Amino acid sequence: MQNALSVVVDSLPYLLQGSFLTAGIVVFAMFLGLFIGIFMSVGLVYGNRYIRNILTVYVWIFRGVPVVVLLFLFYFGLFSFLGLNFSAFATVSIVLGMTTGAYQANIFKGAILSLPQGQFKAASALGMSDIQAIKSIVLPQILRLSIPAWSNEYSIILKDSALAFVIGAPEIMARTQFVASRTYQHLSLYITAGIIYFLLTWAGVIGLRKLEQYVRIPGYSQHGNQ
Amino acid sequence: MMTDKKPILRVKNITKSFGDVTILNSVSIELAKGDIKILIGPSGGGKSTFLQCINCLVMPDSGEIELDNERIQFTRKQDIYRLRQEVGMIFQDFNLFDHLTALGNITVPLRKVKKMSKKEAEQRARLELEQVGLSDKESLYPAQLSGGQKQRVAIARALAMDPKILLLDEPTSALDPTLIGEVINVIKGLAVKGMTMIMATHQISLIHNLADEILFMEDGRIVEQGPPDALLAAGNKSKSQGFCDLLNELSEVEG
Ligand SMILES: Nc1ncnc2c1ncn2[C@@H]1O[C@H](COP(=O)(O)OP(=O)(O)OP(=O)(O)O)[C@@H](O)[C@H]1O
Ligand SMILES: [Mg+2]
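Here the protein sequences come in this chain order: A and B. Everything in the first sequence is counted per this note's numbering, starting at 1 for the first residue and increasing by one. Everything in the second sequence is counted per this note's numbering, starting at 227 for the first residue and increasing by one.
You may find that some hints are simply not true.
Stated by the list, open to error - Beyond 12 Å from chain B on every Cβ pair, some chain A residues (computed):
{"no.": "1", "residue": "R52"}
{"no.": "2", "residue": "I94"}
{"no.": "3", "residue": "Q119"}
{"no.": "4", "residue": "A133"}
{"no.": "5", "residue": "L200"}
Stated by the list, open to error - Within a straight-line C-alpha distance of at most 20 Å, the following computed EDC-like cross-link-like pairs (lysine to aspartate or glutamate) qualify:
{"no.": "6", "chain 1": "A", "residue 1": "K121", "chain 2": "B", "residue 2": "D388"}
{"no.": "7", "chain 1": "B", "residue 1": "K232", "chain 2": "B", "residue 2": "E292"}
{"no.": "8", "chain 1": "A", "residue 1": "K121", "chain 2": "B", "residue 2": "E312"}
{"no.": "9", "chain 1": "B", "residue 1": "K463", "chain 2": "B", "residue 2": "E439"}
{"no.": "10", "chain 1": "A", "residue 1": "K121", "chain 2": "B", "residue 2": "D319"}
{"no.": "11", "chain 1": "A", "residue 1": "K121", "chain 2": "B", "residue 2": "E396"}
{"no.": "12", "chain 1": "A", "residue 1": "K121", "chain 2": "B", "residue 2": "E450"}
{"no.": "13", "chain 1": "A", "residue 1": "K121", "chain 2": "B", "residue 2": "E439"}
{"no.": "14", "chain 1": "B", "residue 1": "K259", "chain 2": "B", "residue 2": "D287"}
{"no.": "15", "chain 1": "B", "residue 1": "K259", "chain 2": "B", "residue 2": "E296"}
{"no.": "16", "chain 1": "B", "residue 1": "K303", "chain 2": "A", "residue 2": "D130"}
{"no.": "17", "chain 1": "B", "residue 1": "K341", "chain 2": "A", "residue 2": "D130"}
{"no.": "18", "chain 1": "B", "residue 1": "K340", "chain 2": "A", "residue 2": "D130"}
{"no.": "19", "chain 1": "B", "residue 1": "K238", "chain 2": "B", "residue 2": "D388"}
Since the hints were made in silico from the structure, they are not lab data. Computed from a predicted structure; not experimentally measured. The beta carbon of each residue, even a glycine, is placed where N, CA and C say it ideally should be.
Given these sequences and hints, build the entire structure.
Structure (structure tokens):
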């Protein structure tokens, strides 16, 4: 027990360094996913049939193929085939970003469809172009509406980022496994890793809840979505 | 009747179908500056669809629209944006932008469409809010406003774009009876200032006091049209007369 504790204490700085990498992966992936998700949702709702079909195929691929398979496929297959030399960190970030992008596209699409139609009509009637209406009227509202679902995505991506260890990115999981294989203190080390993941999830979810309150539209929730 | 004035808007033979149902069957209207034309008729007659065809929110299948003697090409986006800037629209359910304050609802289109600076747009928006009596409400969001206030913000928003013509689609019918008056007063004020309008409404006081001409729409056609004195004269057997009698009875029941 003495030993277990001292191993955890000694290795904590090393494990916590990994949490910077984990956080980096998650932040990069979430923003890449946001970017992909916004464009895709607009295409899925307002695009013509061809655009919608292409985007739907994308969604199905990233929903249907396990993240581990995608990681190996991109890291050892696709990137070297394309002659790209991406680090494990970059690969994980891109794969998770593209995966969450597919899910975020559906989140935003649902939000767009839930907006009252009349607002887009009113924007058009005022002489705004479709792009102006999407940028100034649709997006500001759907981003607000999507924060709860986005926070769900955040916790999924954070947990999926632990898969990065399979291609050797030195994040929390990889470092924990490394220390555990040397010290044989599996129980205490994996409990520690679990706690770190839990705290990161908690901090992110609380932060997003604060953001949700901060950007809340006054009067809106009491009166419903008129 | 309007031989002395030349039309600023000519809408000719608009036809529109959804699927194989014909909703508008060759509907025409001409408007000179200051004209107020009122559309009445049974539900489903095509009033809303017609109004939305006039600013191409609903694309007509065929027909012509001329604004200031210039023909609008339905296939040219530029033409359509120009048409919509000149022709404002007021909707039954207001359609304010939920995430923007009363002021923001007016400034955002001014900035995006008219490319005004923030300061210019705010000045203009405050002027318009004052006109509809809502100066003290500029920082409230739509969910914090009453129905009548929302509709007045919507009117201020449309007027800020300096439209030549205003289309109003049942501007008072989503309102609580106690709130109708404030919106009617604003619309009457516009009429006094000479605003050119086409309005679908079942509000008897608007029909009687404002209409230069009543157009009775039924099954996608204008089946009757003429000045209210003629159509609504006592003892006249017009459809409009019958319809307005019905509205009168209804409003008495309500009142
Ligand atoms: N987008 C659409 N797709 C299919 N049918 C439509 C569409 N919009 C309107 N219609 C139909 O067109 C007809 C005319 O509708 P419209 O709303 O123009 O009538 P209205 O005279 O404004 O009626 P109300 O007094 O109830 O507002 C109705 O039968 C309606 O169901
Ligand atoms: Mg209607």
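Hints, verified against the model:
| no. | hint | verdict |
| --- | --- | --- |
| 1 | R52 | 20 Å, holds |
| 2 | I94 | 32 Å, holds |
| 3 | Q119 | 6 Å, violated |
| 4 | A133 | 9 Å, violated |
| 5 | L200 | 31 Å, holds |
| 6 | A:K121 <-> B:D388 | 18 Å, holds |
| 7 | B:K232 <-> B:E292 | 12 Å, holds |
| 8 | A:K121 <-> B:E312 | 16 Å, holds |
| 9 | B:K463 <-> B:E439 | 17 Å, holds |
| 10 | A:K121 <-> B:D319 | 12 Å, holds |
| 11 | A:K121 <-> B:E396 | 16 Å, holds |
| 12 | A:K121 <-> B:E450 | 30 Å, violated |
| 13 | A:K121 <-> B:E439 | 28 Å, violated |
| 14 | B:K259 <-> B:D287 | 27 Å, violated |
| 15 | B:K259 <-> B:E296 | 16 Å, holds |
| 16 | B:K303 <-> A:D130 | 11 Å, holds |
| 17 | B:K341 <-> A:D130 | 16 Å, holds |
| 18 | B:K340 <-> A:D130 | 16 Å, holds |
| 19 | B:K238 <-> B:D388 | 24 Å, violated |
In summary, the numbered hints that this structure violates are 3, 4, 12, 13, 14 and 19.
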